[in-house]
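In the order they appear, the protein sequences are chains B and Z. Numbered per my numbering, the first sequence spans residues 1 to 365. Numbered per my numbering, the second sequence spans residues 1 to 220.
For the record, the hints were derived by calculation from the structure and aren't laboratory data. Certain hints may be false.
Here are some of the chain B residues that sit facing chain Z, going by a computed Cβ distance under 10 Å [unchecked claim]:
| # | residue |
| --- | --- |
| 1 | Cys-79 |
| 2 | His-80 |
| 3 | Phe-88 |
| 4 | Ala-106 |
| 5 | Ser-110 |
| 6 | Ala-150 |
| 7 | Lys-154 |
Every residue, glycine too, gets a C-beta built ideally from N, C-alpha and C.
The residues making up each chain are set out below.
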Amino acid sequence: MKLALEFQLQKGHFKLACNIDVNWSSPSTHVIFGQSGIGKTHLLRSLCGLEHPDGRITWHNQQHVEYWLDKQAGLAMPCHQRNVAMVFQDGQLFTHMNVEQNLRFAFERSDATHEDWATCISTLQVQDILSHNVSQLSGGQAQRVALARAILSKPKLLILDEPLASLDWQSKQDVMGYIKRLNSQWRLPVLYVTHDIHEVLTLADHVIMLEKQGDSTLAMPAKPLMDILQDDSHPFYGLGKSSILHTQPSSNHNEGLLHCAIGQQTLRLPLGELSSHETQLRLCIAASDVSLSLTPAKDSSIMNILHGKVSRIEQTQNQQYLIQLNIEGQYLLSEISAYSFARLKIQLWQPVYAQIKGIALQQAL
Amino acid sequence: MDALLLTFKLAFLSTLILIIIATPIAWFLAHSQFKAKFLLEAIIALPLVLPPTVLGFYLLIALGPQGPGGWIANMWGGHTLAFSFTGLLIGSIIYSLPFVVQPLQNGFSLIGKKPLEVAYTLNANFYDGFKNIILPLAKPAYISAATLGFAHTLGEFGVVLMIGGNIPGETQVISIKIFEQVESLEYSEAHLLSALLLGISFIMLTFIYASRSRNKVGVL
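Bound conformation, chain Z alone:
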């Protein structure tokens, strides 16, 4: 039960933070004239192609006592972020970033700048226009992005294994727990958790694709 709760807490928090971080990044990628933005696009897409172990390895170093993670941990008296829930959260955010940025970027591109410009001519400033025009128009894209981010974090394994280890209640998420159960030949427990994860993932994906066929905006 701990593993299940922890997994959902992790997925929920990463999705929440991701939506906040990904919004300005996606807006920038969709509308900026900046010449070298492909560089940023490539960096954000890296987790799509890298083996989770590679990403996990670098994260482990970055979060460890010698990296910036250790430095941050020092602020509240710790000496590392590796093998902690905070570290796991940072890892998931980086790992799932492209899954949240890309639907938002596509959504923003489809909407275009025109609605915001119209809002400007009606005396609305950027924040006003963004909040009241762009956000509601991008709702389908946000639903896609959040569902994908959430589902992807649920299914995370390699990165967690590398930076989180297997501490019950702290870093032991479902995927790790299943791995452990299989290793120790507890097949019936593994069956239960696997089926649960399968069901949840299926329901969430069904939800995305159903909302996608209703709305043209917000495709993956």
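The following block holds chain B by itself, in its conformation from the complex:
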């Protein structure tokens, strides 16, 4: 699936230029990232047909091409024919309807089946609030209903416009969990818009940056999150002093620890709120929480030790070294002092052991 965007939008002094292809080779999440006020909403409105900029927007699904916008040909497919669902920052539920009626509105206008209805309602756990009035819902519940409503319209593309922005921390975690679950269940291409770096780290597969150049906003080509975090010319690189590991949790856990496989090796995580039902668990690990040793420490209290090879060495400011390790094909960053670096005589491609403090393993959903 591919969305080809070649358009310019001008609104008063605001200019947005978009000349990119957004590719979903497998159903995945592309995050559009940019500061507030940079024009993310304008971009989305153009995509779903609420605004008609100059240029062309096409949707490609295998051999099939749909023209959503072609200004030169005088063609602009109206929003309701594009079948793009959107979840807004504040839910935007219809206030004159209860939860069930909101969901039915979408359900009756799509080719969703009764099975879809049942799955959707149980996945988002809205069965108990179906008869509630919209005004009775908490922020997190409202966003869950909005997500369910979007899913029930059986969209080609799901757009989430800062869906967590108006939620408190706890609801954010909850709703993020549901979003992740939706992704694995419905396998929809998702465009997720945010200005929150943590949401990028937890949800993104690819990142599209919106950047200000002169007085116009430019959309940058999509890049895999992994590449961006390794790229020292990218603005995320500083934040990239954390790395992301994809692991497969196993269903058996003991002593309150969840075992997560990364290749042949295993990480142990405090079970806490972690769910072992996920097929993939993404872990975000700060470089400062990773120390190195040349031999596997047998008598250490640190329970997570991974074996890997040094794949990059970089000196950073204030006498620190940032060491990139290749662990089972994935990258892990470790920040160590110049003193330790010299003492361990670390060289490229040298095998090392990375010790990860247990608490540094955050659930990144």
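Knowing the structure of chain B, use the given hints to seat chain Z on it.
Same frame as chain B, now just chain Z:
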């Protein structure tokens, strides 16, 4: 009794037609980006400030044999719409238009375009979204608009006098009848009709203001 029935028939029909006409006008005024829409707003608000006699005078000319009204009347063999119930209906509609357009316009502005846009993203077209989302949300505004339009038509006098005259059963509405009764010193009959109109108007206004305090949407 004729006058009372006629008045209610007139008020009912004008309100019905007004709601239908005012809906697209109010939607346009609330949401259009059209630069010169203030012109339309000014024209619609004219009956608020014009003396009814001025409005009535122009209407009389427009409805008469030389105006478009005469031309329309020709289609069914008449030669004027003045001094007829149809003419009175057209007059009331024009006269009460701002009272119906404005509450609707305010209601639509308050609701905003967002709910309709959300409906679009859920595969609903404009008519679907308007009917199932905007209309129910604008219900309080419609109640205000209809009540005001109705009450205002009940109280109409100047315009009716100018274009309707005083034909019992055809154009003689309550307000005119009261005027006639007072002129001929039939005070007790005038008292009865006046009190009736006062009561009805009061009840209707109470109804508007009560529903207004319940709903934030649909203010005047």
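Consistency of the hints with the structure:
1. Cys-79: holds, 4 Å
2. His-80: holds, 5 Å
3. Phe-88: Hint holds; Phe-88/B Cβ to chain Z Cβ min 7 Å, cut 10 Å.
4. Ala-106: holds, 5 Å
5. Ser-110: Status holds, d = 6 Å.
6. Ala-150: holds, 8 Å
7. Lys-154: holds, 9 Å
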